[in-house]
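Given chain A's structure and the hints, the job is docking chain B onto it.
Spelled out from the first residue to the last, the chains are:
2 protein chains.
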Amino acid sequence: MLYLIGLGLGDAKDITVKGLEVIKQCSRVYLEAYTSILTVGKEALEEFYGKELILADRETVEQEADTILKDALQCDVAFLVVGDPFGATTHSDLILRAVKLGVSYRVIHNASILNAVGCCGLQLYNFGETVSIVFWTDTWKPESFFNKITKNRRNGMHTLCLLDIKVKEQSVENLMRGKKIYEPPRYMSVNQAAEQLLAVIQNRRLQGEEPEVTEATVCVGLARVGGADQQIASGTLQEMTTVALGDPLHSLIVTGTLHPLEVDMLKLFAVDKSVFEQS
Amino acid sequence: MLYLIGLGLGDAKDITVKGLEVIKQCSRVYLEAYTSILTVGKEALEEFYGKELILADRETVEQEADTILKDALQCDVAFLVVGDPFGATTHSDLILRAVKLGVSYRVIHNASILNAVGCCGLQLYNFGETVSIVFWTDTWKPESFFNKITKNRRNGMHTLCLLDIKVKEQSVENLMRGKKIYEPPRYMSVNQAAEQLLAVIQNRRLQGEEPEVTEATVCVGLARVGGADQQIASGTLQEMTTVALGDPLHSLIVTGTLHPLEVDMLKLFAVDKSVFEQS
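Chains as they are written, first to last, in my numbering: chain A, 9 to 287; chain B, 9 to 287.
So that you can see chain A by itself, here it is in the shape it has in the complex (with noise of 0.2 Å):
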């Protein structure tokens, strides 16, 4: 059997009772390790499940995956993932190929970013599609998830954007040279993102264009989410390249129309409480 088992969003403990017991029953662990991380370590993982993990980069799962799954057809195997396995990232492949082999699978849910974003008072199903918001490049700056973060907007849609990670990225000289040397990770911060937001809105006034979105409209960064030192700011997109919301993972939310209870809740993480007055 191949078990799924989301890990949640802050420590150790935030994996249910379920997935613990489940993983403690297990032959193989493996630790996907590619699309998310925990506020702790592998290490603290492996001491708290009494378990030995075996970390899943984004090449283990797609040259391995076989491998993997043989396990399963003789053996219990769990395969972790930060979040939800079918948070922001969906495992559809491994459970294809799994079926494919004839092993079954179980699911076992915890918490995603997609959900937990609702501490900061907004209301879930007020939110349009998620986009991805990733590092530009000298040579490549994407401007995508700004016109889907415009329709959101225009439909009275707020927008989780989930900011980029680079985990195990190879310098174009290495990779040239064929060498598996990796850069250090690096993750988008709440400023990075708005930064190039505010990129964008000028590029498109340079073309004659009135954006949707401005410095002026109401967003919210959020740091850590579900961790014991989480934390929230809401405020302009302008005050959100200065915000100081510390250590990854960051996220940032770009609000559409707000509704009564949504700005009470808003105020309680503002970063200057003037901009919500008038709402």
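One should not assume that every hint holds.
Quick list of in silico lysine-lysine cross-link-like pairs, PhoX-like style, CA-CA up to 20 Å [said to hold, decoys possible]:
1) A/Lys-78 - A/Lys-50
2) B/Lys-21 - B/Lys-50
3) B/Lys-21 - A/Lys-21
4) A/Lys-176 - A/Lys-188
5) A/Lys-281 - B/Lys-108
6) A/Lys-50 - A/Lys-187
7) B/Lys-21 - B/Lys-59
8) A/Lys-174 - A/Lys-188
9) A/Lys-156 - B/Lys-156
10) B/Lys-187 - B/Lys-174
11) A/Lys-275 - B/Lys-32
12) A/Lys-32 - B/Lys-21
13) B/Lys-78 - B/Lys-50
14) A/Lys-188 - A/Lys-159
15) A/Lys-188 - A/Lys-149
16) A/Lys-174 - A/Lys-159
17) B/Lys-187 - A/Lys-108
18) B/Lys-159 - A/Lys-159
19) B/Lys-32 - B/Lys-21
20) A/Lys-21 - A/Lys-78
21) B/Lys-187 - B/Lys-176
22) B/Lys-275 - A/Lys-108
23) A/Lys-174 - A/Lys-50
24) A/Lys-21 - B/Lys-108
25) B/Lys-108 - B/Lys-149
26) B/Lys-176 - B/Lys-50
27) A/Lys-156 - B/Lys-159
28) B/Lys-174 - A/Lys-159
The hints are simulated quantities; they were obtained by calculation from the structure and are not laboratory data.
Coordinates of chain B only, in the frame set by chain A:
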């Protein structure tokens, strides 16, 4: 301290390790009982937690919020919510009152239907606004949910439809007589939701419209998501009127634009695989 603790979706063991530890240390533990249900009853939870639970229905929470919160000034109080505390219903009002009274609060997240629906293989970031489908009566047949589904579908987005729950409802007669006699709980099935959708489609055609959603639109019916006996069925809206998914709770997804990997996943749950053969 006030703890808002998500219980997840299945049974007692779907609580997180952290959530369970907090419950054990709390002096009073309320179980929110009006927005959803677990597949197990209050007694099973009490036995597993080793704690007595105080059922908090809508009346309790609205009328006795201050009582709940005054306790929380002196000791630790837990407020348990099926799914995530910010899932289908937010508890913003309780939090705002707590902050006003100077009561600290902490949220312990869990899976909710809003992220666990990913188990059917549809990508969560391709969902638009979530809608609720309410039980129609002889005199009240709102259709607003259909317009939202249509808007999502035009934007290529899937729609999660949360299906109505009637718990502790009074008949008009008992309400007028002031008798606190409650009707048996009712939970809308996927079949009932599909019938109501088909009725709206007929209405729209009578008004000369060509609805975006038709009998042939691909839908997904889900029952008891996260439970050991979870069921998923994919097929046309017409097929959803007769699919047998068993006990509550049910949810329905009306799909938007389907990606190839999503189609492959939906085939696993197909009522009739030929529906997906052309995709």
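How the hints compare with the structure:
1. For a cut-off of 20 Å, the pair hint linking A/Lys-78 to A/Lys-50 is broken: about 24 Å separates their Cα positions.
2. For the suggested pair B/Lys-21 and B/Lys-50, the alpha carbons sit about 13 Å apart, so the restraint of at most 20 Å is met.
3. Straight-line distance between C-alpha atoms of B/Lys-21 and A/Lys-21 comes to about 13 Å, which keeps the hinted pair within the 20 Å bound.
4. Straight-line distance between C-alpha atoms of A/Lys-176 and A/Lys-188 comes to about 9 Å, which keeps the hinted pair within the 20 Å bound.
5. At most 20 Å may separate the alpha-carbon atoms for a hinted pair to count; A/Lys-281 and B/Lys-108 meet this at roughly 16 Å.
6. The suggested pairing of A/Lys-50 with A/Lys-187 is violated, with an alpha-carbon distance near 25 Å, which exceeds 20 Å.
7. A C-alpha spacing of about 15 Å is found between B/Lys-21 and B/Lys-59, which places the hinted pair at or below 20 Å, so the restraint holds.
8. Between A/Lys-174 and A/Lys-188, the direct Cα distance comes to roughly 15 Å. Compliance with the 20 Å bound is thereby established for this hinted pair.
9. Simply put, A/Lys-156 and B/Lys-156 have alpha-carbon atoms about 17 Å apart, close enough for the 20 Å limit, and the pair holds.
10. Of the pairs offered as hints, the one joining B/Lys-187 and B/Lys-174 holds, with about 18 Å between alpha carbons and a cut-off of 20 Å not exceeded.
11. Taking the CA atoms of A/Lys-275 and B/Lys-32, the gap is about 32 Å. The hint is violated against a cut of 20 Å.
12. With a C-alpha separation of about 15 Å, the suggested pair A/Lys-32 and B/Lys-21 falls inside the 20 Å cut-off, and the hint holds.
13. Proposed proximity of B/Lys-78 and B/Lys-50 is contradicted: the alpha carbons are some 24 Å apart, above 20 Å.
14. A threshold of 20 Å between alpha carbons decides the hint, and for A/Lys-188 with A/Lys-159 the separation of about 41 Å lies outside it, so the pair is violated.
15. In summary, the hint linking A/Lys-188 to A/Lys-149 is not supported, as the alpha carbons are separated by about 26 Å, beyond the 20 Å threshold.
16. With a CA separation close to 27 Å, the supplied pair A/Lys-174 and A/Lys-159 exceeds the 20 Å bound.
17. Only pairs whose Cα atoms come within 20 Å are accepted, and B/Lys-187 paired with A/Lys-108 is rejected, the gap being roughly 58 Å.
18. Pair hint B/Lys-159 plus A/Lys-159 holds up; C-alpha atoms about 12 Å apart against a cutoff of 20 Å.
19. Note on B/Lys-32 and B/Lys-21: the hinted pairing holds, with a Cα-Cα distance of about 14 Å set against a maximum of 20 Å.
20. Among the hinted pairs, A/Lys-21 with A/Lys-78 is inconsistent with the structure: their alpha-carbon atoms are about 30 Å apart, more than 20 Å.
21. With a C-alpha separation of about 12 Å, the suggested pair B/Lys-187 and B/Lys-176 falls inside the 20 Å cut-off, and the hint holds.
22. Taking the CA atoms of B/Lys-275 and A/Lys-108, the gap is near 12 Å; set against the 20 Å cutoff, the hint holds.
23. Among the hinted pairs, A/Lys-174 with A/Lys-50 is consistent with the structure: their alpha-carbon atoms are about 18 Å apart, no more than 20 Å.
24. For the proposed pair A/Lys-21 and B/Lys-108, the alpha carbon gap of about 30 Å is over 20 Å, so the pair is violated.
25. Annotation: proposed proximity of B/Lys-108 to B/Lys-149 is violated, straight-line Cα distance about 39 Å (limit 20 Å).
26. About 16 Å separates the Cα atoms of B/Lys-176 and B/Lys-50, which keeps this hinted pair within 20 Å; it holds.
27. For the given pair, A/Lys-156 sits about 15 Å from B/Lys-159 by alpha-carbon distance, which is consistent with the 20 Å threshold.
28. A hinted pair counts as satisfied when its Cα atoms are at most 20 Å apart, and B/Lys-174 with A/Lys-159 does not qualify at roughly 35 Å.
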